[in-house]
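Protein chains in written order, with the numbering used here: chain L, -17 to 399; chain V, 1050 to 1148.
Hints in this document: simulated from the structure, not taken from any laboratory.
Fair warning: there could be bad hints in the mix.
Straight-line Cα separation of at most 20 Å, DMTMM-like style, residue types lysine to aspartate or glutamate; simulated pairs [said to hold, decoys possible]:
#1 V:Lys1100 x L:Asp147
#2 V:Lys1100 x L:Glu205
#3 L:Lys136 x L:Asp147
#4 V:Lys1100 x V:Asp1126
#5 L:Lys335 x V:Glu1087
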Amino acid sequence: MRKYSVFAIAREALRGNTGWPEQWGSPEPKKSYDVIIIGGGGHGLGAAYYLAKEHGITNVAVLEKGWLGGGNTGRNTTIIRSNYLYDESAGLYNHALRLWGGLSQDLNYNVMYSARGVMMLAHNVHDVQVFKRHIHANRLNGVENEWLTPEQAKEYCPPLNISKDARYPVMGAALQRRGGTARHDAVAWGYARGASDRGVDIIQNCEVTGIRRGRDGAVTGVETTRGPINASKVGVSAAGHSSVLMQMADVQVPLESFPLQALVSEPVKPVFPCVVMSNTVHAYISQSDKGELVIGAGTDQYTSYSQTGSLAILQHTLDAICELYPMFTRMKMMRSWGGVVDVTPDRSPILAKTPVKGLYVNCGWGTGGFKATPGSAHVFAHTIARDEPHPINAPYTLERFRTGRLIDEAAAAAVAH
Amino acid sequence: MLLIHCPYCEEERPEPEFRHAGEAHIARAENITELSDEEFERHFFIRSNPKGIAFERWRHMHGCARFFNAARDTLSDKFLVTYKIGTPKPDLSGEIRRK
Ligand SMILES: Cc1cc2nc3c(=O)[nH]c(=O)nc-3n(C[C@H](O)[C@H](O)[C@H](O)COP(=O)(O)OP(=O)(O)OC[C@H]3O[C@@H](n4cnc5c(N)ncnc54)[C@H](O)[C@@H]3O)c2cc1C
Ligand SMILES: [Zn+2]
């Protein structure tokens, strides 16, 4: 792998940029691997990267039915934060946040992690109480999060309308200063490049259509649109399609797949300094480095794999955006799209071994797993390599829905981006 | 936006009048206190989440307010049929095979 550096840029500038090598190879699938990861999103590619880098397991393939990052990784609004309520969540999301800080250096790939601050608005007394409780719980867990009055919120984010007679009055906000955004494609590409460099085969346009099991029930490989491939360890990291894949191995998972939509405006000069989320009215907004306002909505109400959703959802979100930021009422929206998000009953992920020997799963990230990408990939690699969970993901079992030991961020936050 | 045919009002109405109400044909056990943890998990948490034809409940919230069932293709989001609560699951094996 040729390192990216300021010198490389200068050298290539002089050579008309003709000397850049491809970032990862596109090999034909081999007959057999030690580990197969299903899903070439950030989580799957990251797991392959950490398998190679931290565990020395390099005979690995990542199988992706479309193109790298073409799932939710390339469709999300890239909000990064770690101020979740429960201890288990603090462990997992803070692990990710720590890794975000050094990810560009680690990958030698600019993932454009920008700690511009994530502010969550409180619109009613219930929000205020819940957020303050969150802030205290976070403080006890060593997770940074602070309370702002409406005036302080406006100072942090000048476009915000804090007038008392707004349709959704701002009664305060919780601010995590280390929260922010990152470039989603770069996360997938950076992990792919790093993994490929260490010997991992990145195989696109290869859909897994079956999971093979031996007589003892253990995994022996997968069927794909490019033929069968053997492996004694298979990690499913397929977001909205995870239940479809798990059913191929006769494992029932508590997941439902919903559309989640986002949209971007025409690009304008820098106007919006941070990320602002409003769970109560389902509106999330930030500004990309290109200048587009990036706006996220809530999930549609019905399950779907269509990667599209209802216009009514976008309209509702834009109603709220226009009310909260009157200066945006005349902005034109350029594009909208949807992803398929895999939602668990407690809105926490499943990152675990399964009842099938050799089968591992990282799913259930629903509407909010981009922020967790490095942390989740890191502990998933550990789980696969050691055949036992890392202490950080040990609580995120499939069995918790049987034992009742839920990690109930659903009740804590209702929505989680 | 979906257009949904309410089998009670007998007309097609826009989606915002309706609430999706989860997977259909899940009978609540009558002996719920006697269920094992496995059975309770299956009843309470596990859903089929099909990529293809889903059977689901809807409620015409801002209309007649009644619950009804529907069969919908989760790949295209097209409704195949909506039917009243209490009527059996329609046989769509022909439809499913054609996919
Ligand atoms: C509109 C939207 C906004 C969001 N906003 C945020 C946000 O602001 N912050 C945040 O933290 N999270 C957000 N999320 C959630 C976040 O995008 C996901 O949780 C995260 O990106 C999941 O990453 P992944 O790698 O697990 O999944 P994906 O990137 O979806 O990767 C899974 C891959 O598996 C592949 N696959 C599926 N089936 C098969 C098969 N049979 N064979 C081979 N490959 C297969 C898919 O093609 C896909 O590429 C948002 C999601 C959406 C849709
Ligand atoms: Zn009706």
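Hints the structure violates: just list their numbers, smallest first. Checked against the structure, the only hint that fails is number 1, while the rest are satisfied.
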